[in-house]
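Asks: Protein sequence lines correspond, in order, to chains A and B.
The opening residue of the first sequence carries number 1 in the UniProt record's numbering; numbering runs sequentially from there.
The opening residue of the second sequence carries number 1 in the UniProt record's numbering; numbering runs sequentially from there.
Misleading hints may appear alongside valid ones.
In this list, chains with the same sequence are indistinguishable; a pair is considered to hold if it fits within one copy or across any two.
[Unchecked claim] Using 16 Å as the maximum straight-line C-alpha spacing, the simulated EDC-like pairs for lysine to aspartate or glutamate come out as follows:
| no. | residue 1 | residue 2 |
| --- | --- | --- |
| 1 | Lys124 | Glu84 |
| 2 | Lys272 | Glu287 |
| 3 | Lys158 | Asp197 |
| 4 | Lys9 | Glu245 |
| 5 | Lys187 | Glu245 |
| 6 | Lys152 | Glu297 |
| 7 | Lys94 | Glu84 |
| 8 | Lys124 | Glu337 |
| 9 | Lys379 | Asp285 |
| 10 | Lys9 | Asp89 |
Hints are computed from structural coordinates only; laboratory data are not their basis.
Spelled out, the chains give:
There are 2 protein chains.
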Amino acid sequence: MEVSGDKNKPHQVVIVGGGFGGLYTAKHLAKANVNVTLIDKRNFHLFQPLLYQVATGTLSPGDISSPLRAVFSKSKNTQVLLGEVSDIDPKAQKVMMGDQVIPYDTLVVATGANHSYFGKDDWKDVAPGLKTVEDAIEMRRRIFGAFEAAEKETDPEKRRAWLTFVLVGGGPTGVELAGAIAELAYKTLKEDFRNIDTSETRILLLQGGDRILPHIAPELSEVAAQSLRKLGAVIHTNTRVTNIENDTVTFKQGGEVKEITTKTILWAAGVKASAMGQILAERTDVECDHAGRVIVEPNLTVRDYKNIFVVGDLANFSHQAMKPLPGVAPVAKQQGEYVAKLIQKRLKGHTLPQFHYNDVGSLAMIGQNLAVVDLGFIKLQGFLAWAFWLLVHIYFLIEFDTKLLVVFQWAWNYITRNRRSRLITGREAFVEPKPVSSGSH
Amino acid sequence: MEVSGDKNKPHQVVIVGGGFGGLYTAKHLAKANVNVTLIDKRNFHLFQPLLYQVATGTLSPGDISSPLRAVFSKSKNTQVLLGEVSDIDPKAQKVMMGDQVIPYDTLVVATGANHSYFGKDDWKDVAPGLKTVEDAIEMRRRIFGAFEAAEKETDPEKRRAWLTFVLVGGGPTGVELAGAIAELAYKTLKEDFRNIDTSETRILLLQGGDRILPHIAPELSEVAAQSLRKLGAVIHTNTRVTNIENDTVTFKQGGEVKEITTKTILWAAGVKASAMGQILAERTDVECDHAGRVIVEPNLTVRDYKNIFVVGDLANFSHQAMKPLPGVAPVAKQQGEYVAKLIQKRLKGHTLPQFHYNDVGSLAMIGQNLAVVDLGFIKLQGFLAWAFWLLVHIYFLIEFDTKLLVVFQWAWNYITRNRRSRLITGREAFVEPKPVSSGSH
């Protein structure tokens with residue numbers, strides 16, 4: 001047995017982070033003979049794969065969130081703690097939340113990752129990312145606010161800038177945002193304005209690599225690109241943003257330097273580990289990769305600390321292929337399940353073979369009847385892929401919570417292109433969205 | 001014909017405010033031979049009677065909002081303008097939005113009212129009201145944040161303060177909030193915490209007058225008070241808040257001065273007209289009442305200006321009874337319909353008899369199977385009133401928008417007491433809600 005404690009006291013598992021990794025670890029420990037403490041900064045789990053639909057007005061934040069306390073209401077061995085872990089002491093087996101000290105027998109760190117601005121952190125304000133509910137509300141404010149500003153604008157050049165959307169990053173989030181904005185501009189909002197023609201909207205997707213959706217098969221990447229182009233978006237591959245200033249994005253495509261004037265830049269690129277990665281590195285001497293993710297052992301532990309696990313986006317697990325597993329929900333989910341199982345095995349003096357990710361495939365939604373699904377053995381596109389995408393998400397949402405009616409409502413809104421949740425909120429008296437940048441910096 | 005314009009140009013109606021009054025004016029002009037410009041600060045209409053359910057976690061803001069542009073998408077004579085009216089010029093028949101000047105033939109002002117802090121405007125931060133989506137999100141943050149803080153608190157006195165909720169104002173909003181918080185504390189959240197017993201929660205409703213819900217029949221008031229007490233709330237009538245300081249609310253009940261320590265004070269009292277009331281008074285010399293509401297003529301116009309109407313909460317219409325009509329949705333709705341009709345009559349050289357409010361009754365929800373309905377000819381209470389309340393709101397939500405599935409979802413959540421929308425949002429890293437007051441002021 002690799003971890004143990006006082007025989008009279010149940011084994012104490014502390015999980016930091018209530019995303020997919022932490023949530024599934026806790027869920028699979030709900031009936032184990034352990035005490036579980038789940039710590040999160042927020043009081044809800046967020047179904048992040050659908051966050052882009054909050055940003056584009058199809059869903060409300062409440063539709064894709066589950067209160068953590070409600071999820072574990074019936075699991076009497078599980079305690080939810082709201083707060084931010086400030087430090088850990090791996091020798092003393094303690095987690096610190098400011099003054100509060102929480103002892104553990106086993107620690108599971110699942111605090112995820114953020115976008116990376118590649119060293120240009122001041123771009124964050126002008127080009128917001130999409131990781132939190134607040135991010136999504138802010139994106140929604142900017143997207144719908146841009147159409148409103150365009151409607152009011154009399155100068156044709158400025159109007160053009162308001163009707164130009166630049167998306168940085170060609171992964172699932174960037175692609176799904178581009179598709180959703182295209183549907184908004186070219187379909188949903190078409191009849192809503194009197195001074196502008198929303199079909200004049202320009203949507204640019206800038207991708208660093210040589211194809212969008214690099215995690216799926218190249219032929220599906222191509223299908224996705226064609227679908228996006230058909231919807232009206234413009235894709236630039238092999239493209240790197242070099243400057244953002246005075247409403248102008250400068251980017252390098254190959255050797256060529258290009259510029260575009262826009263009022264709305266949305267960021268969906270890069271990976272940067274959350275702060276817990278740094279804390280773990282300092283306290284355990286574990287190695288991190290260039291993005292700050294913790295390089296984990298084959299059983300997801302931290303080197304030299306068999307009772308500290310890292311799961312989900314914060315973990316760099318490279319034992320299965322040459323490169324780390326992608327930062328997607330199924331990986332985090334399976335890792336959480338694995339860790340929960342291993343903890344229970346260990347309590348009985350057993351162990352488990354190393355973690356193995358069972359690839360469930362990749363999928364991305366582009367728009368109505370347009371999606372790509374790569375299951376390895378089968379590749380889908382068009383309506384079939386779209387229907388599959390919808391079914392998979394309905395399945396996960398139901399598994400995850402019994403929000404049956406929400407799911408139907410969502411599917412209904414999605415199918416009928418109803419964007420009822422397009423409130424511009426967060427500032428008392430909305431008049432005009434903040435321009436992308438008001439000066440040089 | 002009392003108003004006219006260039007025979008070649010359609011009559012120009014400018015409506016300020018997209019609440020019930022403005023919205024129904026515009027809706028009933030959608031097929032008229034007029035041009036309508038609807039101005040609002042926000043891009044959505046808010047179904048305010050259900051806002052307290054956003055504040056208490058049953059609904060998401062998107063569930064009770066309709067994008068104004070979507071509502072008027074098909075009404076090609078109607079233009080939605082986003083912005084804030086800064087001034088009007090009744091002689092030149094112009095409305096100003098900063099630099100922008102919008103001419104009108106007929107002006108309809110429907111900018112509503114806010115809560116009044118009876119001169120103590122610095123209480124606003126410690127005792128937020130409930131008028132906007134942001135207000136509701138902030139209230140939700142405070143309510144659910146208080147339970148979280150109590151769960152963490154080890155000092156019994158402080159914990160007691162976190163579990164004490166003081167509601168100021170015994171009108172529908174105060175009563176409905178008190179009922180919803182009681183259901184949260186004593187039912188929904190009962191199993192969710194590990195350190196606190198949420199049934200120890202204290203809920204105080206402070207009412208200035210001698211009974212809660214003064215707009216309904218006294219016997220129903222009494223039923224509502226009994227229902228609230230049965231749920232666990234404490235009601236103090238004839239009570240006036242005299243001070244809020246250091247987490248302590250001081251109030252006078254009769255001659256007696258009492259104090260209660262609390263971390264959460266919610267404000268649902270008083271009426272204060274929106275800023276347009278002041279602007280109208282200055283520009284047209286119209287008389288306003290003590291709350292700043294415009295005292296309107298029997299046909300809802302402003303004295304000396306037959307082409308300026310005031311409808312809804314901003315209007316003081318006292319021609320039907322001895323006192324002004326209540327500030328409720330049905331009044332605003334009927335006034336909007338009346339004005340739309342009168343404008344069309346006038347265009348044909350006709351007029352209408354004075355406005356008459358057709359009282360559709362009053363109702364208030366207290367909790368599961370607990371409501372009061374006063375239709376004048378019939379008075380309902382208990383389950384019947386509750387079912388009636390639900391039906392009426394479903395009817396209005398459907399009439400108002402075809403969100404059938406939302407309505408079912410909402411009814412379902414409501415019946416099953418599911419509080420899925422209890423996200424604490426709005427601050428990046430939630431740790432602890434701001435205490436009511438941190439010092440004297």
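Asks: Each hint should be assessed against the structure and marked as holding or not.
Replies: Hints, one by one, checked against the model:
no.: 1; hint: Lys124 x Glu84; result: neither (22 Å within a copy, 29 Å between copies)
no.: 2; hint: Lys272 x Glu287; result: within (15 Å within a copy, 61 Å between copies)
no.: 3; hint: Lys158 x Asp197; result: within (14 Å within a copy, 57 Å between copies)
no.: 4; hint: Lys9 x Glu245; result: neither (59 Å within a copy, 45 Å between copies)
no.: 5; hint: Lys187 x Glu245; result: neither (31 Å within a copy, 53 Å between copies)
no.: 6; hint: Lys152 x Glu297; result: neither (57 Å within a copy, 35 Å between copies)
no.: 7; hint: Lys94 x Glu84; result: within (14 Å within a copy, 54 Å between copies)
no.: 8; hint: Lys124 x Glu337; result: neither (34 Å within a copy, 47 Å between copies)
no.: 9; hint: Lys379 x Asp285; result: neither (42 Å within a copy, 72 Å between copies)
no.: 10; hint: Lys9 x Asp89; result: neither (21 Å within a copy, 77 Å between copies)
Against the hints set out earlier in the document, violations occur for numbers 1, 4, 5, 6, 8, 9 and 10.
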